[in-house]
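If you read the protein sequences in the order shown, they are chains A and B. In short: position in the first sequence from 1, add 21, done, that's my numbering. In short: position in the second sequence from 1, add 21, done, that's my numbering.
If you are wondering where the hints come from, they were derived from the structure by calculation, not from laboratory data. Hints may be right or wrong, so weigh each one.
Given that identical chains are not distinguished, each listed pair holds provided it fits within a single copy or across any two copies.
With a cut-off of at most 25 Å between alpha-carbon atoms, the simulated SDA-like pairs for lysine to any residue come out as follows [as the list claims (entries may be wrong)]: (1) K278 / N244; (2) K278 / R334; (3) K176 / T47; (4) K309 / H110.
In this text the structure is predicted, and so the values were computed from the model without any measurement.
Number of protein chains: 2
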Amino acid sequence: MNANGSSEHGPRQGASPDSGSVGIVTPQDYTFGSTGEGIELESGTRFGPVTVRYETYGTLNAERSNAILVAHAFSGDAHAAGYHSPNDHHAGWWDSMIGPGKAFDTTRYFVICSNVLGGCQGSTGPGSINPETGKPYGLSFPVITIDDMVKVQCKLINHLGIERLYAVAGGSMGGMQALEWAVRYPERMRSVIIMAATSRLSAQAIAFNAVGRNAIVSDEYWNGGNYYDGDPPARGLAIARMVGHITYLSEQAMGIKFGRRLQARADFGFDFEDQFQVESYLEYQGDKFVDRFDANSYIYLSKATDYYDLGARFNGLEHAVAGCSSKFLIVSFSSDWLYPPYQSKEIVFAMMRQGVDVSYVELESSYGHDAFFLEIERQAPLVSSFLEGLDG
Amino acid sequence: MNANGSSEHGPRQGASPDSGSVGIVTPQDYTFGSTGEGIELESGTRFGPVTVRYETYGTLNAERSNAILVAHAFSGDAHAAGYHSPNDHHAGWWDSMIGPGKAFDTTRYFVICSNVLGGCQGSTGPGSINPETGKPYGLSFPVITIDDMVKVQCKLINHLGIERLYAVAGGSMGGMQALEWAVRYPERMRSVIIMAATSRLSAQAIAFNAVGRNAIVSDEYWNGGNYYDGDPPARGLAIARMVGHITYLSEQAMGIKFGRRLQARADFGFDFEDQFQVESYLEYQGDKFVDRFDANSYIYLSKATDYYDLGARFNGLEHAVAGCSSKFLIVSFSSDWLYPPYQSKEIVFAMMRQGVDVSYVELESSYGHDAFFLEIERQAPLVSSFLEGLDG
């Protein structure tokens, strides 16, 4: 079972890169802006310097017209495909979709993925050192939004000398970024692929994020976000991750995977050793997450998804998408109850009313929100034929 | 919006008891068994002494044939109806259903409600003093099950001199108890009313309980359950309650009640004062819960619901209900995603295959699991006509 944007849960392809892999990749950094410069955030604050960690797969053609930007989900990173070393056992988070002959075919396209602003996997975030103080930002890091993530990505795309992207694509929070790209920079891409995403979170989805944030700030090691010198709020972050994991899977998927089986016993022992498999799975996922994710990033990025409300910003989704000139592929998954299909349809209907060129597919899947990592067999042909169709 | 079994969230009927109220009620205690006696738990452990806190409404008739046992939900208590004093502003948790002229009509029926074994509202639970040590049990309290709760209730019913109940009724965990009554003591009741319940929790429902328990045991004040001398694990318990609350409501109900409105602002301020109404609601509910609930009870009772698997115990639900001789009313709610309608139907189909007299209604409701507190207008006539029909 995959996690939401977790690179270590990406499709495992064995100990060594296989034939469909992009092989060994090396992350790169791009830094722009100095203090007081950088970018103007949606809040009005000017913020810099900003470092963007990114990876690329495939080759940019001479016309610079074959670049596809892939945006990652909440807990993802810039490592979308391939391996970091010959001994790396874990492929990038969307390795099943990116590589030679895959949906994002790296023999044709130049694929870029960058870690988001506010993240903790190489791009500037609350755990980064504030050059003015020499200490981590912590909660002095500015509140950032999906729009801000996209503005930073645009700086990277400019830096790479790409005027017009072939596509912007992403799932979940990555899909929100793709949608924001389409609205903010309609001339900068030919196409947009949005999966398992939403133009605004439901009250329920905000509520789940709120529980996660509460778990973090309730941790005895939280210390107002200033924990970088000592132990992090690991238990709180693990609990936040547990909550997240439940929302990434469907009830059915959990039932199929775990049912009511006990972890280490055939029958109840009626003591505190009794544990269902689903419990130990969640605890394992929670504990593992702590090793690679920063609790402050969890707070900032979850807040960014909560804030996102494209329609509200433009006085209606229809107005928001009115200027979109790209071709769209929007995919939802029937059992996704975090960003349910009706939310994708809201975007689709708004686009249709504005005459935007949009294709919509609701894939029947029992995997829930995580389906965009897992339903590769049906999702990959959709994506590849959509991308190929642009040339037709 | 109601909480799941929370007495203080019961329907408020103003500062003084109104005409349909049972008025002022006084809780009573019944204690049985001494150490090493008491009851034999499902685990095989013998446990005592056991105190049962209970309330009664209406009058037991001379034939002792009009008694209805109402079982409470997870965080409920014995205070199902009326008020504890003239200044009590909060009616019992099912006051909308119990009283003169109400669904459980106290001019006709003698209604009994008791706090469950393992609870923290007067009945013996992990926060009770172990007479052998003079200290609270904490985690030395035995693991208990739904079956054990029912065995304790049966002792109370024996004590009250009632041979055959007119009905056993309950919602959620209360419905599980009603179902268990029907299977364990088929001769002891004429009818059974089961609402928003299940014969076994899904992996997803177990997962939510597991998150709550993790939040509690991760709290710095947890101390292995020995916190009665100091501060309780309040933050952990509050977070557990927040998770619970999300599962008690439907996405739609949360959307209608809170939407994406901010708590204290019209627009985002892009700082940590930004808070959605749904967030402050959950935090309020979490904090308030801590004042009336014991974290250890949360662990024991949630474990009891996780354990419950009637079909597994009898090698199939059909075998479990084969001996049922009462009349059944089973009610589910369309938007209940914690114990979804399909789980009620599993019980109903098993009963139908065994020729058990069962009526089933799935009520269309947007309230989610909490509908059994809230959909009174449509639920009350169902219950009252079912109860009256028994005399026909």
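Okay, the hints, checked on the actual structure:
1. K278 / N244: neither (37 Å within a copy, 33 Å between copies)
2. K278 / R334: Between copies only: 22 Å across, 40 Å inside.
3. K176 / T47: Within one copy, since 20 Å is at most 25 Å while 70 Å is not.
4. K309 / H110: within (16 Å within a copy, 47 Å between copies)
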